Structures are given as structure tokens and as C-alpha cells.
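Asks: Based on the sequences and whatever the hints tell you, model everything.
Order-wise, the sequence lines are chains A and B.
Counting in my numbering, the first sequence runs without a single skipped number right up to 821 at its last residue.
Counting in my numbering, the second sequence runs without a single skipped number right up to 116 at its last residue.
It is possible that part of the hints are untrue.
Calculated lysine to any residue pairs in the SDA-like style (CA-CA distance at most 25 Å, straight line) [said to hold, decoys possible]:
(1) B:K37 to B:N90
(2) B:K93 to A:T720
(3) B:K57 to A:E722
(4) B:K74 to A:E734
(5) B:K93 to A:L800
(6) B:K93 to A:A809
(7) B:K37 to A:W794
Sample of chain A residues facing chain B (criterion: CB under 10 Å; computed from the structure) [as the list claims (entries may be wrong)]:
(8) R698
(9) L702
(10) R705
(11) L713
(12) L716
(13) E722
(14) I723
(15) A777
(16) P778
(17) D779
(18) D781
(19) E789
(20) W794
(21) S795
(22) M796
(23) I804
It should be emphasised that the hints constitute simulated quantities derived from the structure, not laboratory data.
Note that the structure is a prediction, hence the values are computed from the model and not measured.
Where is the CB? At the ideal position from N, CA and C, for every residue including glycine.
Listed below are the residues making up each chain.
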Amino acid sequence: MTTHTGARRDVSQPTSPIHIELEGTPQEVRRALLRLRAKVDETALAHLDAGTLEIVLGEVLNNVVEHALAKRTDGRIALTCDFANRCWRVVVRDNGAAMPDETLPRGNAPDVDIGLADLPEGGFGWSMVRMLARDIHYHRANGWNTLSFCIES
Amino acid sequence: MDLSSQVNGDTLVVTVNEPRIDASVAIQFKDRMREETEQVAGRVVLDLGKVDFIDSSGLGAIVAAMKQLGAQHRLELSDLNENVDKVFRLTRMDTVFRIHTSVGEALAQ
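Replies: The structure is reproduced here in C-alpha cells:
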């Protein structure tokens, strides 16, 4: 077995995918993001900034928990993150309700140029996903949602 | 949700002693902010130096904390880490809050 102590691998080379499964609660989302961070840190990708990946994945997972899996106790989420060609390829699957009209949210950014009392306290999640991710695809099949996207690093 | 606060003149500095403000703690954050700022006389500076991750629910909770303070007490922020700063910039909330690079800078003003 060859070791690469202290050597940085070429980040354009594929590494083994990170796979995490979780239940549909905010606490599980937190644990999943912490596991993801730990897994990135222990690989040859540790020098990459995974902050954007964490922001986008957090919003996607929270959205699944709050909407697709709302009022469900048997909710399951499975995510895979694979780094290749300077890009995180992410696939998130869940067994919750379909997206309305089986269409991705438009993700229009809420207006913040307004008075204090009217400032928005939500609605930012999908606008950040739209700004930070590309190649976003969604499909529904056999009672499961599949969302995939890329994060450039 | 571990918050602590200290009075400096007319400013109350509230420090978040947690690494994350996310959907799992957003309601607790809002409730603890209400408790910490109950007796506030002037402005409030929220020290986010120990926070390295915030999601849109956490952002919403900070906005809610500003709204519950009312118009007479400003909520300012200090010491945003890179990923926290990014969320404020992407949502343009950096135009709503006064943001200081450190608590020291906030108190000097």
C-alpha cells in the first residue's frame, strides 16, 4: 500500500464518494453536515474550502425536512458527494412528498430593501442554492425525490 | 443555546458561545436573545466570532431578534467568519445590518 504522507493529491483526480444517510429532523441535518465536514477533512481534499458545499447542502436538507418530510416519522434521506474535475457532484434522495408540481422552487431572493418590521425571516434557502449551485436537476420516481447539483470548488 | 452578555457603556455585547446557528437551534436562539436583551438600554452588538456556520433559519432568527428589539435599539454584528459573511452577502442582509470586523471596533464607534 502506498502512502502519501504530507503530499497533496491532484484535486482533479476522483476520490471515493462520501455517502451519508439520515432521518428527517433538523438535529440529523446538523449531524450529517458535521460528518460531511469531518470526512472532507480526513481526505486529500482537506485543503479545499467545503464551506459553499455545506451552505448549499444545509439548505437542501432543511428544505427536505421542513417540506417533503413535514409531519412524517418514517422520513429517510440519503446523500452522496463526489469530487471530480474541480466540482462536487451531489445527489440527495428522500422518500417524502414530491416538490409542488414536481418542479424546483424558483428561488427568488426576498426583498430586503424594506422597513424593519417587514424584513423577511425566511425564503432565503432556495435563492442561495440557485446562486451557489449549478446543473440542478430534480426528478420524482417510485415515491422518492432525487435532487442533483454541482458545486465548483 | 449558550449566549453570554456584557454591558459596555450604552452597548450590550451578546456573544454566541456556539459554533453553529442552524435550523435545529433557531427558535432557542431567538428566545435566548429575548432574555439576554430584556434590560437593554442602548444598542446591541452580537459577537459571532465563535460561529463558523449559519443557515437560512439561523439568519432568519437573527433578523427576528433585531425585529423583537424594536426600532429604538439597533442590533449590530461583529466578527463574521468567512462562511457566515457569505450567507449575509448572498442574501443582501449585509446591507441591513451594520457589521463590524471586531467587538473592539464596534465599541470604538
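Asks: Can we keep the L702 of chain A interface hint, with Cβ of chain B closer than 10 Å?
Replies: Constraint on L702 of chain A satisfied, holds at 8 Å.
Asks: Answer holds if the nearest beta-carbon of chain B is closer than 10 Å to that of R705 of chain A; otherwise answer violated.
Replies: Nearest chain B Cβ about 9 Å off; hint holds.
Asks: Would the hint on E722 of chain A stand, with a C-beta cut-off of 10 Å toward chain B?
Replies: 6 Å, holds
Asks: If you take the shortest Cβ to Cβ gap from E789 of chain A to chain B, is it below 10 Å?
Replies: 4 Å, holds
Asks: For the pair we were handed, K93 of chain B and T720 of chain A, check the Cα-Cα distance against 25 Å.
Replies: 9 Å, holds
Asks: Take the C-alpha atoms of K74 of chain B and E734 of chain A, compute the straight-line distance between them, and say whether it is at most 25 Å.
Replies: 23 Å, holds
Asks: Is the shortest C-beta separation between L713 of chain A and chain B less than 10 Å?
Replies: With a closest approach of 17 Å, the L713 of chain A hint is violated.
Asks: Please verify whether K57 of chain B and E722 of chain A have alpha carbons no more than 25 Å apart.
Replies: 17 Å, holds
Asks: Quick check on the hint: W794 of chain A CB to chain B CB, less than 10 Å?
Replies: The hint holds - W794 of chain A has a Cβ within 10 Å of chain B, the shortest such distance being about 9 Å.
Asks: Does R698 of chain A pass the interface check with chain B, least Cβ-Cβ distance below 10 Å?
Replies: 5 Å, holds
Asks: Against chain B, is D781 of chain A within 10 Å by beta-carbon distance?
Replies: At about 8 Å, which falls below the 10 Å cut-off, the nearest Cβ of chain B leaves the hint on D781 of chain A intact, so it holds.
Asks: Identify whether the interface hint at D779 of chain A stands, where standing means a beta carbon of chain B within less than 10 Å of its own.
Replies: Check passed: Cβ of D779 of chain A comes within 9 Å of chain B, closer than 10 Å.
The structure does not agree with the numbered hints 6, 11, 12, 23 stated previously, though it agrees with the rest.
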